[in-house]
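Visitor: Listed below, chain by chain, are the residues.
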Amino acid sequence: MADLKPEQIVALLVPIIVIQVGLMIAALIDLERDERQVRGGNKLVWALVIVFVNLLGPIVYFVAGREEA
Amino acid sequence: MSGFAALLRKELLEQWRTMRLPLVATVFLLVGLSSPLLARFTPEILRAVGGDQFQIVLPTPTAAAAYDQLAKNLGQFGALVAVLLAMGSVATEKERGTAALILTKPASRGAFLLAKIVAIGTTLGISTAIAAAGAWFYTLILFEPLPLGGFVAALVLQWLALVAYASITFLGSTLTRSALAAAGLGVAAFIVLGILGIVPAIGRYLPTGLGAPARALALGQPGVDALGPTVASVALIAGLLLIAWLAFRRQEL
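Here the protein sequences line up with chains A and B, keeping their order.
Heads up: the first sequence begins at 42 in this note's numbering, then just goes up one per residue.
Heads up: the second sequence begins at 7 in this note's numbering, then just goes up one per residue.
What the hints contain is simulated information worked out from the structure, not anything from laboratory work.
Worth double-checking, as some hints may not be accurate.
Now the in silico label distances, taken between C-beta atoms and shown as ranges [stated by the list, open to error]:
| hint | chain 1 | residue 1 | chain 2 | residue 2 | range |
| --- | --- | --- | --- | --- | --- |
| 1 | A | ASN83 | B | PRO65 | 45 to 51 Å |
| 2 | A | VAL55 | B | LEU18 | 17 to 23 Å |
| 3 | B | LEU154 | A | LEU45 | 18 to 24 Å |
| 4 | B | LEU252 | A | ALA52 | 36 to 42 Å |
| 5 | B | ARG115 | A | ASP44 | 33 to 39 Å |
| 6 | A | LEU89 | B | ARG102 | 23 to 29 Å |
| 7 | A | ASP44 | B | GLU101 | 21 to 27 Å |
| 8 | B | THR128 | A | LEU69 | 23 to 29 Å |
| 9 | A | LEU85 | B | ALA70 | 14 to 20 Å |
| 10 | A | VAL59 | B | PRO49 | 39 to 45 Å |
| 11 | B | PRO49 | A | VAL94 | 24 to 30 Å |
| 12 | B | PRO153 | A | LEU89 | 20 to 26 Å |
The calculated DSS-like cross-link candidates involving lysine-lysine, where the alpha carbons are at most 30 Å apart (straight line), are [stated by the list, open to error]:
| hint | chain 1 | residue 1 | chain 2 | residue 2 |
| --- | --- | --- | --- | --- |
| 13 | B | LYS111 | B | LYS100 |
| 14 | A | LYS46 | B | LYS78 |
| 15 | A | LYS84 | B | LYS100 |
| 16 | B | LYS100 | B | LYS16 |
| 17 | B | LYS111 | B | LYS16 |
Quick look at which bits of chain B chain A covers, simulated, 3 or more residues with Cβ under 8 Å [to be verified]:
| hint | region |
| --- | --- |
| 18 | 142-155 |
| 19 | 206-217 |
| 20 | 238-247 |
Built from N, CA and C at the ideal position, the CB exists for glycine as well.
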């Protein structure tokens, strides 16, 4: 097991944080489009799901939350 | 199987355009990268949080712990994603009437179903491969290299288990018009199989039974018997698809 300096650990964490925040932002941008229809009709609920349901929130939104216009 | 190639192209394009493939691949990468990190730093996090309150001796984490963390996260989280991908695949198209529309073209119902499940399996496969690459690389940095061949073989078995859960949900999606009912069936099967997996005699031949040989392969242990569980899972998937096809053949759309 290699010993790691703090900055090396941070370097390993950066991709993870970038991906996680990126996913959330991508889902929120998609949600905010005026023509976007969502299941149940309430965008606020979906925004909460995307932000607070860790990891699975954006997936559930993209796969099951959007309705095709 | 008339029309299979054209339908598969359509389904794969749909996996891409509806963001499913890029999204699932991204999330799996996240799981792949974070699992070795969690394995490495959990003892230190516990020590930092618990302070001097616990005098527990935590074992020094190893590359095996990194694999275990990955297998656990992919097994649980991946199964949920497999259910999500498959739940609406047929049910939603029946409900909207698009299934009837597509089947007015020269395409058989068998080809329609097969194209869908192959596309879902492809999304899960690419995503599992990406998770594996990330996990292998981070394990290399944080611990030591795991044997590459065995690791790849282990992840193929993990993928097979995910396809099994997708197939169960897919059958539900074919039998009903409700994506939610299909998801319910998938989640119920995940729980039931998890419990049955503990029973030694049959557990080996369920999708959960793929875990033990996969682990042995990933850690490079000798004399791994992966054949029985693999054949059993492939047979289970084939059987589920056969039932789906038999039911779908006679359904009114």
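Visitor: Now tell me if each hint is right for this structure.
Guide: Here's how the hints hold up against the structure:
no. : hint                           : verdict
1   : A/ASN83 - B/PRO65: 45 to 51 Å  : holds (48 Å)
2   : A/VAL55 - B/LEU18: 17 to 23 Å  : violated (32 Å)
3   : B/LEU154 - A/LEU45: 18 to 24 Å : holds (23 Å)
4   : B/LEU252 - A/ALA52: 36 to 42 Å : violated (54 Å)
5   : B/ARG115 - A/ASP44: 33 to 39 Å : violated (60 Å)
6   : A/LEU89 - B/ARG102: 23 to 29 Å : holds (27 Å)
7   : A/ASP44 - B/GLU101: 21 to 27 Å : violated (57 Å)
8   : B/THR128 - A/LEU69: 23 to 29 Å : holds (28 Å)
9   : A/LEU85 - B/ALA70: 14 to 20 Å  : violated (45 Å)
10  : A/VAL59 - B/PRO49: 39 to 45 Å  : violated (26 Å)
11  : B/PRO49 - A/VAL94: 24 to 30 Å  : holds (28 Å)
12  : B/PRO153 - A/LEU89: 20 to 26 Å : violated (44 Å)
13  : B/LYS111 - B/LYS100            : holds (16 Å)
14  : A/LYS46 - B/LYS78              : holds (28 Å)
15  : A/LYS84 - B/LYS100             : holds (26 Å)
16  : B/LYS100 - B/LYS16             : holds (17 Å)
17  : B/LYS111 - B/LYS16             : holds (13 Å)
18  : 142-155                        : holds (count 5)
19  : 206-217                        : violated (count 0)
20  : 238-247                        : violated (count 0)
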